[in-house]
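Protein chains: 2
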Amino acid sequence: MRELPLNRAFTLLEPGPVVLVTTHDAGKDNIMTISWTMVLDFTPVFAMTTGPWNHSFAALRKHRECVIAIPGVDLLDTVVGIGTCSGADTDKFARFGLTPAASRLVKPPRIEACLANIECRVTDIIERHHVVVLEAVAAYVDSEREERRTVHAVGDGTFIVDGRRINRRRMMASRLPPGI
Amino acid sequence: MRELPLNRAFTLLEPGPVVLVTTHDAGKDNIMTISWTMVLDFTPVFAMTTGPWNHSFAALRKHRECVIAIPGVDLLDTVVGIGTCSGADTDKFARFGLTPAASRLVKPPRIEACLANIECRVTDIIERHHVVVLEAVAAYVDSEREERRTVHAVGDGTFIVDGRRINRRRMMASRLPPGI
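The listed protein sequences correspond, in order, to chains A and B. Each residue of the first sequence is one higher than the last, beginning at 261 in this note's numbering. Each residue of the second sequence is one higher than the last, beginning at 261 in this note's numbering.
Bound-form chain A, shown alone (with noise of 0.2 Å):
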C-alpha cells in the first residue's frame, strides 16, 4: 500500500462504493459492511449512517476511531458475509480469511486486501439522524492490485460493478478542489 495524498482521498468515497469500516475495543478487531456513506468536505470530512444496530456503533462511539476499507469487486462475497454476521458472536478477520494490517494513526487496522484503507478519527455524532462524522487523518492505496472494480449497492441484494471511466476533467476544471 502506497499513501494517498489526503486531499485525494475524498474521490475514494464520493462514486458510492460499498465499504467495510473496521473498529477496535477490548481487544478485539470487529468490521461491518456499510453502504450508506457521504463525503462532507474534501479536507476530506465523510458522514456514515450507523446505530446502536450494528455491533461495530459501540467501538465507534467509545474509541471514536475507525478505518474505511474499500474492497473490490473480488470481494464481494466477503463484503455480504461480513454484512449479514455479527461481531457479537464473531471473528470477523478469522472468519473471512482477512489479514489485519497495523494502521498508522488509528488503533483500527486496515484490511491488506481492499483496494484502499482510509484511517479516521470520529469527530461527531448526530444522534437524531443516526449520522457519524469522521475527519480522514492518513490514506493508502494499492496501486499494485489488479481488480480495482468497485461495487456499488442497490439495497435489494444486486451489486453494480464499476464499467467503463468517462474524462470530463477538461469542462469540469473550473470546479475541482485544486491538486487533483
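Accuracy of the hints is not assured; some may be wrong.
One copy or two, it doesn't matter: identical chains are merged, so the pair holds either way.
Said to hold, decoys possible - Below, in silico cross-link-like pairs of lysine to any residue (SDA-like), each with a Cα-Cα straight-line distance of 25 Å or less:
1) K367 to F356
2) K322 to R388
3) K322 to V401
4) K322 to H389
In case anyone wonders, no lab produced these hints; they're calculated from the structure.
Fit chain B to the given chain A structure using the hints.
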C-alpha cells in the same frame, strides 16, 4: 413515468449515482448537480451536502422542497454542464433543453428526460455540516427508457458508468427490509 412504491425509492440513491436536484423560487425553476448524497433511512430519508455556495440552496432553505432526478449516462454532458454554470444567471432548463414536468406534491418540477424522479421535502438542515435532510414523498421511474445505466462522479473530473449487476439476494435475505 410510473410511480415507484416509496419503500423502494432508497434503491435509487443507495448505489451513489450523480443526481440532478430541482428547486423553485420566485417563479423560476433551477437545477443543480449533486454527487454528495446518502440514504439515512429506508422510509426513505436522504441526506445531501450543499450550502450557500450553490445558488439553489437559498430556494431549498426558503421553500423546503426539491426533486431529485436520476440521469442516465446519456445525459452526462448535461449533468456536467449544469454543474458548471449557475442558476443566478442561467435558465438551466432552457439552456440544456430539458422539459420540466409538474410534480404531484411539491412545486419544483421533475425532469422528464431522467430515468427516475423523487419528490422530496426538507425536514432538517444540519447547519454545522451543510447537510440537508430530505423526506421522499413520491417517486417515479421511466420503465420505458432504454439507457438505464447511471454514472458515479469520482470527484476528479472523471465518472464511472454502471457495469454489470450481481445478484446476492439469497445471501442477504435475512437483512433486506420487508417488501424489497
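Same-copy or cross-copy closeness of K322 to V401 [CA-CA at most 25 Å]
neither (28 Å within a copy, 42 Å between copies)
Taking 25 Å as the upper bound on the Cα-Cα distance, should K322 and R388 be classified as within, between, both, or neither?
Close inside one copy (18 Å) and across copies (22 Å); limit 25 Å.
Up to 25 Å CA-CA - H389 versus K322, copy category
So K322 and H389 pass the 25 Å test inside a copy (18 Å) and across (22 Å) alike.
If the cut is 25 Å between Cα atoms, do K367 and F356 qualify within a copy, between copies, both or neither?
within (20 Å within a copy, 50 Å between copies)
Comparing the model with each earlier hint shows a violation of hint 3 alone; every other hint is respected.
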